[in-house]
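These are the residues of each chain, in order.
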Amino acid sequence: MTSTRVALTVLRIAVQDRPVCPLESPMTDAAGNAPFIVFDRVTRRYGAFRLALADFSMVVERGEFVLIVGPNGSGKSTVLRLIAALDSPSSGRVLVGGALVSGLKRRALCLLRQSMGVVPQEALLLEDRNTLENVMLPALVAGQSRKEADRRARAALERVALDAAKKRINELSGSERQLLALARAIVNRPALVLADEPTAHLDPDSTRSIVQLLEQFAIAGVTVVVATHGPSSRAPSRARVVALRDGRLAL
Amino acid sequence: MSWRSTNAYALRRAGLLLWRRPLLALATVLYATTSLALVLSVALLWLGLAPAFTRLPANPEISIFVVHGTSDHELKVLKGRIELIAGVASVRTVSKDAALADVIRRTPPGFPQAELKRNPLPDVLVATLARDAPSAVIEAATANIRKMTPVNAVYVDLDWHRTLRSNLSVGSRVAVVLAFGGLLVVVGSIVVSVRIHVRASATESELLELVGAGREFVRRPFLFVGGALLGFAGALALSGVWVGWIWLAPELETLEAVPTTRGGGFPIGSEVLGAIWVGCCAVGVLIAWASSHRPHD
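As given, the protein sequences belong to chains W and C, one line each in that order. In case it helps, my numbering puts the first sequence at residues 1 to 251. In case it helps, my numbering puts the second sequence at residues 1001 to 1297.
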């Protein structure tokens, strides 16, 4: 009886001490309208001369679809990297789910990244593994068993309508590679999807299908932030556009 | 990610890394095995020959011939004075009677011993100095003894002592250089191999970081690669040295220099062999841990 009580106490302490992922933490205030992502006067400087972001402020609400547009070097990718904590601001604050990203401990940082899906510019697909194994990877990292990761990966592939469960990566077309990266981004059912130029170099049909997918995620309650060259006619109507030029908001 | 799934993933990745670069794995194991075998051979020879070295008459000795007719009391006083000289470890007396008996014992049959009507040999004191006594101390002690009465003559073979010491010194330095060089090659081969795997897995490491893997998760496959390579090399090197020992054992026993234990068996027990092998695996993991850093880690 005593040992059971001790075990329960230890378990309770363990649960209480577990690092909290910012995306799991309470994100709304009493009124239920606390912002999901906040950029508060953020500046990111690389070396002495290159200014990627200058005094940039932005607020993204939960479930919002945000298009960050601007020419090359305007700071779009830097914004995504700062949200994913792959970079840190030179000054200013970036908050995700109410937590200061630059203040997160290593374990909490891992949990934050596990609960968001990122589609990087170069797709970052592993050539030595097949499509299914590529999509399974984030699920395995998040602690799922191989069986569960396999099940989730197949579901994600089905969600993006990619019928290539065990194809080799070098057999995929450009749009299939982007769809695969998107499937990998949603395999952990993230609360936030970040996509960096997901439709670059794609034909209009492929672009349309990827934009529709991202819009569907947003409709389902997932916050979507997409960096792209410019709002095209295929951009979803519900998307909010944030224009950047030389690291500043273009008015 | 749980401990079990982390290790299962890392083991699988490590196996694939080695499988996909068999020539690299082979070359690393070959270099590491050869170098480890060299280090182990040097260590075994050192262990085996150390008792023989201690039996060598390596301590410098000064023979002191006293004048004829010296009384036992005078001899005892002289012995006491010599014992007080700096660098002298002990002094023993070889009486003229004992010396004569030894000479007679060594003379061939037919030698006219009757001609030795009177013992012509003097009493001798033999002063033994410390094994590592420098030449200056030996020379100073010799000069000091030479001035004492009733000393007739003093003899010291400083050249033998110097030759022996320099040979031992050169031998031990060569052994240290060989062992150090061997260890350097072992470490170098594992470092190079792990670095090649780290560079070849750059995309995967970047992706893993992106999807929330911790540094330990990203680096663990490389640690397994390092441990496996050095563990395999260690097992091969130990087997090679063991076979070499079996092959050379009869010759080594006839030298009577190597104290082979219990009927000429391998001088290292199975527990120590196991510990060396486990040590190889652990060192391999440590080397891989030190060399699997990425620039922004």
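Since the hints were derived computationally from the structure, they do not count as laboratory data. The model shown is predicted, which means the values in this text are computed figures rather than measured ones. A few of these clues could be false.
What the hints assert, rightly or not - Taking lysine to any residue pairs in the SDA-like style, the calculated list, with each CA pair at most 20 Å apart, reads:
hint, chain 1, residue 1, chain 2, residue 2
1, W, Lys-147, C, Asn-1007
2, W, Lys-147, C, His-1068
3, C, Lys-1096, C, Val-1067
4, W, Lys-105, C, Arg-1215
5, W, Lys-105, W, Leu-95
6, W, Lys-167, W, Glu-133
7, W, Lys-166, C, Leu-1016
8, C, Lys-1076, C, Ser-1095
9, C, Lys-1079, C, Val-1154
10, C, Lys-1147, C, Pro-1122
11, W, Lys-166, C, Ser-1090
12, W, Lys-166, W, Lys-105
13, W, Lys-147, C, Tyr-1009
14, W, Lys-147, W, Ala-123
15, W, Lys-147, C, Thr-1006
16, W, Lys-105, C, Glu-1139
17, W, Lys-147, C, Ala-1008
18, C, Lys-1079, C, Thr-1107
19, C, Lys-1076, C, Val-1126
20, W, Lys-147, C, Arg-1004
21, W, Lys-147, C, Val-1154
22, C, Lys-1079, C, Ser-1090
23, C, Lys-1147, C, Leu-1030
24, W, Lys-105, C, Gly-1214
25, C, Lys-1079, C, His-1068
26, C, Lys-1096, C, His-1068
27, W, Lys-166, C, Lys-1147
28, W, Lys-166, C, Pro-1122
29, W, Lys-147, C, Asp-1102
30, W, Lys-147, C, Ala-1010
31, W, Lys-167, C, Leu-1016
32, W, Lys-167, C, Val-1154
33, W, Lys-147, C, Trp-1003
34, W, Lys-105, C, Leu-1178
35, W, Lys-147, C, Arg-1013
Outcome of the hint check:
1. Lys-147(W) <-> Asn-1007(C): Since the Cα atoms of Lys-147(W) and Asn-1007(C) sit roughly 16 Å apart, the hinted pair holds (cutoff 20 Å).
2. Lys-147(W) <-> His-1068(C): Since the Cα atoms of Lys-147(W) and His-1068(C) sit roughly 101 Å apart, the hinted pair is violated (cutoff 20 Å).
3. Lys-1096(C) <-> Val-1067(C): holds (11 Å)
4. Lys-105(W) <-> Arg-1215(C): holds (13 Å)
5. Lys-105(W) <-> Leu-95(W): holds (14 Å)
6. Lys-167(W) <-> Glu-133(W): holds (10 Å)
7. Lys-166(W) <-> Leu-1016(C): Satisfied, since the Cα-Cα distance of roughly 18 Å is no more than 20 Å.
8. Lys-1076(C) <-> Ser-1095(C): Holds, because 12 Å separates the two Cα atoms, which is no more than 20 Å.
9. Lys-1079(C) <-> Val-1154(C): The given pair, whose Cα atoms are some 14 Å apart, holds under the 20 Å limit.
10. Lys-1147(C) <-> Pro-1122(C): The given pair, whose Cα atoms are some 18 Å apart, holds under the 20 Å limit.
11. Lys-166(W) <-> Ser-1090(C): Roughly 85 Å between the alpha carbons, so the hint for Lys-166(W) and Ser-1090(C) is violated.
12. Lys-166(W) <-> Lys-105(W): violated (37 Å)
13. Lys-147(W) <-> Tyr-1009(C): holds (13 Å)
14. Lys-147(W) <-> Ala-123(W): violated (25 Å)
15. Lys-147(W) <-> Thr-1006(C): The given pair, whose Cα atoms are some 15 Å apart, holds under the 20 Å limit.
16. Lys-105(W) <-> Glu-1139(C): It is violated: about 71 Å lies between the C-alpha atoms, which goes past 20 Å.
17. Lys-147(W) <-> Ala-1008(C): At roughly 14 Å apart (the allowed maximum being 20 Å), Ala-1008(C) and Lys-147(W) satisfy the hint.
18. Lys-1079(C) <-> Thr-1107(C): violated (30 Å)
19. Lys-1076(C) <-> Val-1126(C): holds (13 Å)
20. Lys-147(W) <-> Arg-1004(C): holds (15 Å)
21. Lys-147(W) <-> Val-1154(C): violated (90 Å)
22. Lys-1079(C) <-> Ser-1090(C): Distance ~9 Å between Lys-1079(C) and Ser-1090(C) Cα, so the pair holds.
23. Lys-1147(C) <-> Leu-1030(C): Outside the cut-off at roughly 64 Å; violated.
24. Lys-105(W) <-> Gly-1214(C): Holds, at about 11 Å.
25. Lys-1079(C) <-> His-1068(C): Given pair Lys-1079(C), His-1068(C) holds - Cα atoms ~16 Å apart, limit 20 Å.
26. Lys-1096(C) <-> His-1068(C): holds (10 Å)
27. Lys-166(W) <-> Lys-1147(C): Judged against 20 Å, a Cα distance of about 98 Å means the pair is violated.
28. Lys-166(W) <-> Pro-1122(C): Judged against 20 Å, a Cα distance of about 100 Å means the pair is violated.
29. Lys-147(W) <-> Asp-1102(C): violated (90 Å)
30. Lys-147(W) <-> Ala-1010(C): Between Lys-147(W) and Ala-1010(C) the Cα gap is close to 17 Å, so the pair holds against 20 Å.
31. Lys-167(W) <-> Leu-1016(C): holds (19 Å)
32. Lys-167(W) <-> Val-1154(C): With Cα atoms ~94 Å apart, Lys-167(W) and Val-1154(C) exceed 20 Å; violated.
33. Lys-147(W) <-> Trp-1003(C): holds (17 Å)
34. Lys-105(W) <-> Leu-1178(C): This hinted pair is violated, its Cα atoms lying about 47 Å apart.
35. Lys-147(W) <-> Arg-1013(C): holds (18 Å)
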